[in-house]
Each structure stands twice: as C-alpha cells, then as structure tokens.
Amino acid sequence: MQAYAVEMKGITKRFKGLVANNRVDFRLAKGSIHGLLGENGAGKTTLMNILFGLYQPEEGQILINGVETVMNNPTQAMNLGIGMVHQHFMLVRPMTVVENIMLGLPSKRGIFLDKGSVEASLIELSEKYNLKVNPKAQIRQLSVGEQQRVEILSVLYRGADILILDEPTAVLTPQETKELFKILKLMRDDGKSIILITHKLEEILEIADEVTVLRDGCQAGGEKITDATTKSELTNRMVGREVALSFAARPACTGETRLVVEGVTLKDAHKLPVLNGIDFTIRAGEIVGLAGVDGNGQKELCEVLTGLSPLTSGRIQLDGQLLNGKKPIEYIREGIAHIPEDRHKTGLAMGFDITTNLIIKEYNSPRFSRAGLLNFKAIYANAQRLLHEYRIKASGLAAKARELSGGNQQKIILAREISSSPRVIIANQPTRGLDIGASMYVREKLLEQREKGVSILLISADLEEILQISDRIAVIYEGQIKGILENKNVSIEKIGMLMAGVESGAQAVC
Amino acid sequence: MQSELLTQGFLISLLAGTIRTSVPILFTALGDIFTQRAGILNLGLEGIMLMGALGGFVGAYFTNSLWLGVLLAILVGTLFSLIMAFLSVTVKANQVIAGTALTILGTGLSAYLYRSIFGVQKLPPQVEAFPALKIPILGDLPILGPVLFNHNILVYLALGLVVVTYLVLEKTTFGLSVRAVGEHPRAADSRGINVPLVRYLCVMIGGAFAGLGGAFLSIGFMNTFLDQMVAGRGFIAVAVVIFARWNPYRALGAALLFGGANALQLRLQAIGMPVPHQFLLALPYIITILVLLSVSKKAEFPAAYTVPYSRSER
Amino acid sequence: MKIKIKNLLAGMVPSVISISLAILVGALLLLLTGQDPIEAFQTLFWGAFGSTNRIAETLVKAAPLMIMALGTSIAFKSQLWNIGGDGQFTLGAVFAMLVALNLSFLHPAILFPLSFLAAFLGGALWGGLAGLFRARFNANEVITTLMLNYVAVYLLGWLIRGPMIDPKGHGFPQTPLIEEGLRLPLLLSGTRLHFGIIIALLIILAGYIFWRSTVGFRIKLMGEGHHVARYSGIEVPKTIILIMCISSGLAGLAGWTEVFGIHYRLMDDINSGYGMLAIVVALLGNLNPLGIGVSAFFFAALSVGGSTMQRMVGVPFSLVSVLEGLVIIFVISRVVYTQWRDRCAVRTFNAGVSHQPAGRDH
Numbered sequence: 001m002q003a004y005a006v007e008m009k010g011i012t013k014r015f016k017g018l019v020a021n022n023r024v025d026f027r028l029a030k031g032s033i034h035g036l037l038g039e040n041g042a043g044k045t046t047l048m049n050i051l052f053g054l055y056q057p058e059e060g061q062i063l064i065n066g067v068e069t070v071m072n073n074p075t076q077a078m079n080l081g082i083g084m085v086h087q088h089f090m091l092v093r094p095m096t097v098v099e100n101i102m103l104g105l106p107s108k109r110g111i112f113l114d115k116g117s118v119e120a121s122l123i124e125l126s127e128k129y130n131l132k133v134n135p136k137a138q139i140r141q142l143s144v145g146e147q148q149r150v151e152i153l154s155v156l157y158r159g160a161d162i163l164i165l166d167e168p169t170a171v172l173t174p175q176e177t178k179e180l181f182k183i184l185k186l187m188r189d190d191g192k193s194i195i196l197i198t199h200k201l202e203e204i205l206e207i208a209d210e211v212t213v214l215r216d217g218c219q220a221g222g223e224k225i226t227d228a229t230t231k232s233e234l235t236n237r238m239v240g241r242e243v244a245l246s247f248a249a250r251p252a253c254t255g256e257t258r259l260v261v262e263g264v265t266l267k268d269a270h271k272l273p274v275l276n277g278i279d280f281t282i283r284a285g286e287i288v289g290l291a292g293v294d295g296n297g298q299k300e301l302c303e304v305l306t307g308l309s310p311l312t313s314g315r316i317q318l319d320g321q322l323l324n325g326k327k328p329i330e331y332i333r334e335g336i337a338h339i340p341e342d343r344h345k346t347g348l349a350m351g352f353d354i355t356t357n358l359i360i361k362e363y364n365s366p367r368f369s370r371a372g373l374l375n376f377k378a379i380y381a382n383a384q385r386l387l388h389e390y391r392i393k394a395s396g397l398a399a400k401a402r403e404l405s406g407g408n409q410q411k412i413i414l415a416r417e418i419s420s421s422p423r424v425i426i427a428n429q430p431t432r433g434l435d436i437g438a439s440m441y442v443r444e445k446l447l448e449q450r451e452k453g454v455s456i457l458l459i460s461a462d463l464e465e466i467l468q469i470s471d472r473i474a475v476i477y478e479g480q481i482k483g484i485l486e487n488k489n490v491s492i493e494k495i496g497m498l499m500a501g502v503e504s505g506a507q508a509v510c
Numbered sequence: 001m002q003s004e005l006l007t008q009g010f011l012i013s014l015l016a017g018t019i020r021t022s023v024p025i026l027f028t029a030l031g032d033i034f035t036q037r038a039g040i041l042n043l044g045l046e047g048i049m050l051m052g053a054l055g056g057f058v059g060a061y062f063t064n065s066l067w068l069g070v071l072l073a074i075l076v077g078t079l080f081s082l083i084m085a086f087l088s089v090t091v092k093a094n095q096v097i098a099g100t101a102l103t104i105l106g107t108g109l110s111a112y113l114y115r116s117i118f119g120v121q122k123l124p125p126q127v128e129a130f131p132a133l134k135i136p137i138l139g140d141l142p143i144l145g146p147v148l149f150n151h152n153i154l155v156y157l158a159l160g161l162v163v164v165t166y167l168v169l170e171k172t173t174f175g176l177s178v179r180a181v182g183e184h185p186r187a188a189d190s191r192g193i194n195v196p197l198v199r200y201l202c203v204m205i206g207g208a209f210a211g212l213g214g215a216f217l218s219i220g221f222m223n224t225f226l227d228q229m230v231a232g233r234g235f236i237a238v239a240v241v242i243f244a245r246w247n248p249y250r251a252l253g254a255a256l257l258f259g260g261a262n263a264l265q266l267r268l269q270a271i272g273m274p275v276p277h278q279f280l281l282a283l284p285y286i287i288t289i290l291v292l293l294s295v296s297k298k299a300e301f302p303a304a305y306t307v308p309y310s311r312s313e314r
Numbered sequence: 001m002k003i004k005i006k007n008l009l010a011g012m013v014p015s016v017i018s019i020s021l022a023i024l025v026g027a028l029l030l031l032l033t034g035q036d037p038i039e040a041f042q043t044l045f046w047g048a049f050g051s052t053n054r055i056a057e058t059l060v061k062a063a064p065l066m067i068m069a070l071g072t073s074i075a076f077k078s079q080l081w082n083i084g085g086d087g088q089f090t091l092g093a094v095f096a097m098l099v100a101l102n103l104s105f106l107h108p109a110i111l112f113p114l115s116f117l118a119a120f121l122g123g124a125l126w127g128g129l130a131g132l133f134r135a136r137f138n139a140n141e142v143i144t145t146l147m148l149n150y151v152a153v154y155l156l157g158w159l160i161r162g163p164m165i166d167p168k169g170h171g172f173p174q175t176p177l178i179e180e181g182l183r184l185p186l187l188l189s190g191t192r193l194h195f196g197i198i199i200a201l202l203i204i205l206a207g208y209i210f211w212r213s214t215v216g217f218r219i220k221l222m223g224e225g226h227h228v229a230r231y232s233g234i235e236v237p238k239t240i241i242l243i244m245c246i247s248s249g250l251a252g253l254a255g256w257t258e259v260f261g262i263h264y265r266l267m268d269d270i271n272s273g274y275g276m277l278a279i280v281v282a283l284l285g286n287l288n289p290l291g292i293g294v295s296a297f298f299f300a301a302l303s304v305g306g307s308t309m310q311r312m313v314g315v316p317f318s319l320v321s322v323l324e325g326l327v328i329i330f331v332i333s334r335v336v337y338t339q340w341r342d343r344c345a346v347r348t349f350n351a352g353v354s355h356q357p358a359g360r361d362h
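Chains as they are written, first to last, in the numbering used here: chain Y, 1 to 510; chain R, 1 to 314; chain S, 1 to 362.
In the DSSO-like style, the derived pairs of lysine-lysine whose C-alpha atoms are separated by at most 27 Å in a straight line are:
1. K231/Y <-> K494/Y
2. K271/Y <-> K238/S
3. K238/S <-> K345/Y
4. K77/S <-> K92/R
5. K92/R <-> K400/Y
6. K327/Y <-> K297/R
7. K400/Y <-> K77/S
8. K326/Y <-> K297/R
9. K400/Y <-> K6/S
10. K297/R <-> K267/Y
11. K220/S <-> K327/Y
12. K238/S <-> K327/Y
13. K220/S <-> K345/Y
14. K92/R <-> K345/Y
15. K297/R <-> K345/Y
16. K220/S <-> K400/Y
17. K299/Y <-> K238/S
18. K327/Y <-> K77/S
19. K238/S <-> K297/R
20. K171/R <-> K115/Y
Distance windows between CB atoms, simulated:
21. R27/Y <-> A10/S: 48 to 58 Å
22. T306/R <-> S107/Y: 22 to 32 Å
23. K238/S <-> A252/Y: 39 to 49 Å
Hints were generated in silico from the structure; no laboratory data involved.
Ideal Cβ positions, reconstructed from N, Cα and C, are used throughout, including at glycine.
Let the hints inform the model, and build the full structure from the sequences given.
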C-alpha cells in the first residue's frame, strides 16, 4: 500500500451552527488526480480550505505524507507543499506577474525584492510545464486563461507537490479546458498529486483517477474511476435522489416578435467597443439562451437591455416602441424585468428584510404608496402572498436578505420580478451558485413565464442549462453575436467553437 | 506694492516659507501613504497630529531636549493611532466614523492635558525651537542657499523620508505586502501574509509620522503648543495623499503646493495686499477641493479602500 | 405599543453602556490629573439641570443639535459621510441674515418664513455642492465637506468685517441686529429659552414621518449600495445631490434657530462646534429621530454643564470633547462585544451538538 499524500479523517467544521463538513474522510494517493465532486454548498470548498489552513476544523485529523499535522494557516500548508488555485483568482490586478509570484515569499536579498532571479526561475518553470505567460505583464492585461496559468505557476513556484484546483474549468472555453487537462496530466506524470474540485461529472470521468463525493457536508462515496463508472451513478451519489434532469417537450414558440435589438454597440471608458453591433430578436413566449464564456460582453448587454448603460449606437425596440434613451425606471415600468448576475450587490438590498426587498423597484407605484407615504398594509400583504406562493423559507417576513440561503434569496428576486407582470425577463446567470433543486425551480419558473407569453433572454455560462430550456441559442464572443441556432440537434462542439470565436460557417437562423 | 512683490528677498522668504509650511503636511502625508495603501482611510490624523504636537512640546519642555520631544511625539502618535487600528481592523468599524471619533478625542485630550499640565498662564510656556541648520557651502549659494539649505534639521529629515518611503513601498517585500493588502487582502492572506498585522503596522506608521508632523508644528515651526495649531492639516494630508495618487514624490509636490498657498497668504498679508486675507486663508482649502475634483475620476483607489477584511466572509 | 416601547428601551441599553464607559474613563482621566471626579461630574450635572435657567440653557443648546443631527443621520443612512455640518450651519445663518437685513421692507410675517427658507437654501447650497462634486467627479464627500467648513469660516469672517459689517458697531466684526419682529419668541421670560426647541421637536416628528415616505425609502435603499439602488431604477447621482441638500439644509436651519433665537446677529463664533457634536448625537441616537432627540438633549446637557464645570471647579471644558470622542468609540466598539457573545453562543451550541451521536446515516 503506497503512502497517501493527504489523509483527512473525520473532519467536522461548523459555521454559526451550520454543519459544513460532517465527519468527512478524504484520501489523496501520491501521483494521482483526485476528483472532489459535489453540488454547490456540499462542503467541497470548506474541506479544501481546511486542508489549506484557511479554516480550522472542530474535529478530525490531517496527515500529510503520513505525518499528522495541525494546519493553522496557509503559510504552514504551503511549507508542507500544498498549493491552492482558487476559483476566484487570488491575484493582485495592478501588480505584475512576477510581483504576484513573489508576494509573501522571503527574498534572497533580505528585505529587498529580488525580481531578476524570480523571473529567471519563473521562465524555467513555465517552460517545463508548458505554462506560457509574460512575467512582466500586469495581471489586468491578461486573459482569464493566462491568469489561471499564473495561479498554477505561483503554486508550483512555492514548491507544491499537492495542488488543489477549485472549479478551474468554470471560466474556460471547452478548448482551454482541454489545454488545462493536458497540463494537469503532465504534472501528474511528474509526480504531483492533484485535487480537482468540480461539480461537472464529465470532467471527473475524463481526467480523474479517483473520486470523492460530498453531499450536504457528508461523504457520499469515494473510489477509483474505472471504465465502468457511469454518470448516473455519480449523480445519484451527489444529489442523493433520482433527479429528472430534463423537462417535458414543449410546443414550438409561435408568438409575435417582441424585443428587437439592432446594431447595439457600447464603448467603454477607453472608447473600446465592449458590445459590437449586436442583433437579435425575441418573440413573445420564447426563451433565447445566450451562451458564451464569462466576460465576453454578457454583463454589458444586460446593462444595456435594462437601460442601466446608455448605448453608444443601435436600437432597442419593445413591441415596436423605441426604448433606448429612456431612463432605467422607465424600462422597469415598460415591463423589462431583470434577474441580475450578482444577487448580493445588485439584486437584493442585503440589509433590508424580505418585505422591503420585494418592493425595491415599485415602492413608488400606487400599489405600495399613497401621497408620497409608503402603504405598509399593502406592502405586508404583498409580501405575505409572495412568501407563500414562492415557498420562501425564512424565519419570517422580517428576516434580512443576508440571513437567507442562496436559493431563497434568488426566490425573492424571482418573486419580485415575476410579480411585476413583465413583458420581457433578462435573466443573467439565474442559477449560479444554487444547488440542483433550486436551479430546477428557477428553470421551471422561467418556463412557466414562457407559457404565459413572456419573452426571456437567458444568459448563462452553463451550456447544459441553455440547452435544457432555450428555444434558440445565441453565442456571444468579444461583444459580438457569433451565431444564432435553433435548439434542435445542436452539437455542443459547434457551440464550443462559436464560444471560442471560431466561425465555422454556422449560418444564423432568423 | 507691485515692486515689493518682485524683490529677491520676498521671493526667497516665500519659497523658504513654502518649504517650512509644507513640512508638517508632508510628514503626515508620507505616513498616510502607507495607511491608505493598506486600504485604510484615517481621518483621525488631525487628532493624532495634535497629540503629537503636545507630546513634542511636553517632551522638549520637561527634558530640555528637543530630540526627546520628537521621540515622545512619535511614541504618542503611534500609541494614539493604535485606537484607529483597533477600530478599523479589529472592530471593522466604519472608518469615517472611527476617524472622526479619534479627531474629536485627540482635540479634546490634547487641550485637556495641556491645561492640566501647564494651567492657565498669562504668558504661554515656550521652548527653544529647532534652530536653522545651514549646510556648509550649499547654504552660501545665492537664492538656492537660503531657500533650500538653511532649514532646521526636521525639514531635511522630511525630505529624506520621501525617498525612504518610496524605497520601502516599491523595493521591499514589506512594501509589496502593503500594496497587496490594500488591493486584494484575500489574495495576500492566501499567500501567507498576515493582513491584520500589516494593516496595524501601516496605521501605526501613519500615526508615528503624524506625531512627527505635529511635533514639527510645536517645536520646529513655532515654540509653543496651541489648541488650534493643526488647523485642518491632518485632513489636508489625507487629501494630499489622494492628490498624489499614493506616490511619495508626488506627495512632496502636493505638500509644497499647499505650503505655498499658506506661505503666500502669510506674506501677502504682511505686505498689506488689498485682497481680503480671509480669501487667502481659505485658498489652501479651496485648492484641496479643486485638486480632488481633478484627480478623483481617474485616481485608482486601492481596490480594498475602506473595506474591512474578514477571512470568513466572501 | 407595549412591545414597541420595550424594543426602544432595549435599543437604548448599548447607548447607556457606552455613555457609562465614557464617563468612567473620563473619571480616570480626572483622577490622573489630580481632579476630583465626583465633584467635577456633580458640578457638571448641576450646571445642566440645577435651576430653571440651566435647564432652559440645556434646551437652548439641544434645539440646533437635534435639527443638525437629524440632517446628519439622513446622509449617514445613505452611506454619505457629510461631516460638513459646521459650514452648512454657517451658510444657513448667513443666507437667513442676508434676507433679513436686505429685504427688511417686507412685513415680518412674510420675512420670517422667508428667512427660514433662505437658511435651508444656504445650507443646502453648501452641502449640495459637495454632493454635486461626489456625483459628478466622484470626489470623496468626507474631504470636500470638511474643506468647505474651513472655507465657510473665512467667508463669514470676511462678510462680518466687510460687506455685512454693522455701520454703527464701531468696527466690531458683527452685523447689525435683526428686527425684533423677526426674532424667535421667548418661551420663558428671564431665560434664553426660545421657540427654536418647538421647531426642533416638530422637525424630529417630521423626520419620523420622513422615514416612512417613499423619499425616505429611496435614501435607505441608497445606503444598501449604489448597485442595488441603480438596479431599482434610482438615479444615483441625482439622489446623492438630493440627500446632501436635505441633510445640509437641516444644518442650515440649525444656524437659523441659533442666530434668530439667540444672537440676533452674525458674529465670528455663532457656531460653537455643533457639526462634530451633531455626528456624535446622530450616532448615539442610532440614526433614529427619537433617539436623536434624546441624545441631543444629553449632549446639550454635557456641553452646558461642562462650561459650569470649567468655571466652578477649574476642570477644562475640553473634557467634554474627550467624553464625546470616547462615546463614539464605545458605540462602534460594541460590535466586538456582540461578536464575542456570538462566538460564545456558537461554542456552547457546538458543545451541545457534539455530545449527540452524529451518525453518518441521517
């Protein structure tokens, strides 16, 4: 029996009474790639943060290379050869690659920095593992893929043999993912042990040697991956029940054209186009999915369609009426609902209670106010009704938004936006960070609105989601629509190519 | 009167005065560069400077040693800034409120202690201030000599600290940590940097420098302590740092600009310019606002400016 | 209603603790400097409440504080840090006086409300300027409002020595007195207690209603962050200016009560540091109108008693500033206590949980 690189036994960790990890066992064999699988909130990141010394467990032991250790802080973990590539990059944007690599490390020149020698060994390292990056570039000038390479380099530079990668493919195109996996295999063959945190089953099957599954903070299985391992088997472990991952077939959309977006262009502060001649339409009762890697203009498109950013040129028409040039409040009144990407900062007032969060867009309307004073009776009645209708779980209407789970927070937003009887819903990453149950609920609600004739733009980085509920799929790349496809027998490969900006002669439909 | 403006003597005294009046702001601003770079807005500097001014004066008065006065001022400034560090880092309080509290406390405490120590006297107690130190050879140069090389030693110290501040921030591992902590504390934390410690140190460096700035007022520029002697310089120092976009050399330039405005109004008042002197007195404050207007849009504040860091929150 | 009062009382506990701690530290300071703390605080208390006249003085001082602190609380609720109350107070007084002196041909019944409006306008202009700078140029309002304080001091200094000087005042730096018909009527003869306190209480009441209005809601929503405000259809820059105008207009009104109720003219020191004090009052009052009313009264008493204390037992008045600073520090530090309590609670909770047999098969 070979010694394990990492052995975690009976790890328990609680936050404010909530159990994030409950007696979890985890073993990483030397020189292997180990998948850590689980839904959002299953406790994967917590477990790895414990291994990395960011959190201290209440119970359990940790053995590194067979030696029991207590991890008090990341420095200690790093000294033991553990390195972590975080999901949200831990890079300081205005600093250069070299400076980021040096950060927190002792220098050969005492208190003074030693850029020259660090740069030299960095170049050597990047050639060894095929991780090309310009050491003198500032982080903010780099693409997401390059930034990830810097993160990996930084971990390797610190001499890590045990690498933890937290959802590394979430921000990559399918092609970039392939590239990353090649690098990971190269590192494994070089004797490194790698933990890959993910909720994507395909990735586990493709690259992992072993897998540990977490569900609700508990371990739900761990084993070698063989050819016999199947997706559904892993899904059952991960979710703990049979999940219908698809919706019933629905009739094709036959509504009239409602939202028309024509030549929409938006330039940023540096006069560079972030949206470049966007054209598409959405019919009544239709869901158009917008696929694309994060940061290709989705956020900006959302801002433009909800009136938050004035566009540089182009037109937006709603049922034949010109919208652009109007104020955001008029967009809201015209019936453009918006489920924003960032629940915490944008979609909700975290310090407000449920009741008031349900009226932040309509507090001024005659429904909720009279002669400039709030009509608390109507406001409470509205909240009561929606709390019930959307099955929002909370200690009461006076619960603050920040005290709720992600799923319930999203339900407040859904309740508010849908109850305003919109004509159009712009849903930006509506299921990000939610578990499967909550995600399915959100999708069901969107389909329900589709039935009622609402036009929906679904922006998502999750291709599965787009394929599941869209009528048509548009692909955005660098602020341009690279193609619009009917959602019938489309291949993921084709969408992947478009997402990477490769135009494969896909002709736009409509 | 027009001719009087253009005499050599007037110009020399104006320029030398500019340097002298800018030094207390410069000291405080240099320290505040560390504080702000680490992501903390310390509006308590006004109160810390007052405490430093008192500390410097008391130290010098009772020990008859100006240097012990300076030392006491630095010590008092550092200790007093600990309150700000505690409130902003440990308590994670709103920094504007914490700073305001510290300024109110410092204003009250310095006046209270001064009255308690010296009582009410007809003639305010005085010390012999730092004498001007003429640098050999250079001090004899025409114009440049009296303008640049005939100041007390604290002025030279301030100028030297500009370079030191730059070197520490840009060329040392500590400086790199400070910048990272102000930009992305979580990243710094994940690289093994002790974020609270760095922030405490930066607030304390700011306090030490502000104490020094205050001491310059009481035992370098004047020779006594007055309740109102800081007169907003602590706040101006904060504005200077923003104006200078966290760079020590630019901070020197900005401090000179403020010193210049003040020196100009003093001298114009002395020769009886017809402009109401209140306008000249208000000038540095108006310039601060104008400067803030011109730089704020493009100034890239440290990303974690005024944001407390907590490991468990995301 | 019963529950409401109970909540209110419970909400006051931290404030009372903060004040007690501040007084304790103040007493230590007195001991260290060879003073008798009991005598000092006794004199202070007596100075504030010892006679009808002293209570009247305390109320006189409380009136502008209430109005100004309410203004401060409106800005603070929206996370705008208006600390320029002093300048806005001065500008309010100046504007009101300009109206009173230059439009004296109007009937007092018209001129009186006009001066009230002018005071609001003057304050709103000064603070609105900082709001405009913030909205248009992203200039930190903390610094700009502060700088405008100093500018206001010199502006007033110039006006009362130049354009607005009393021609019959033998060159004293002050304006002429306003007509008697414009002065705020006295409530209690033999004291300085004037109608301003009634106005202040009415404004506090208006503040209570304000937070139940749609504009109040909009301001609270701004305090939750500009992202969510913008998302909700609020025009953030305009609202920033609006908030600053309301907040500083109230400071201007405070200047009006002070000048039209006490001094009847402009002088160098019409404002005795109300701005900073208003911040303390607003914070101790938990940014809530009723709380502000109570804490304004408290700090007014401290201030009035503090002067007596300096006169009678020779304890420097600056002790009052020390207490003010300490009160804020203790108010904001109470979070530490709550955190500590929560941590203890979690620990006991966890201890309880780990005794249970935590099987994996649940």
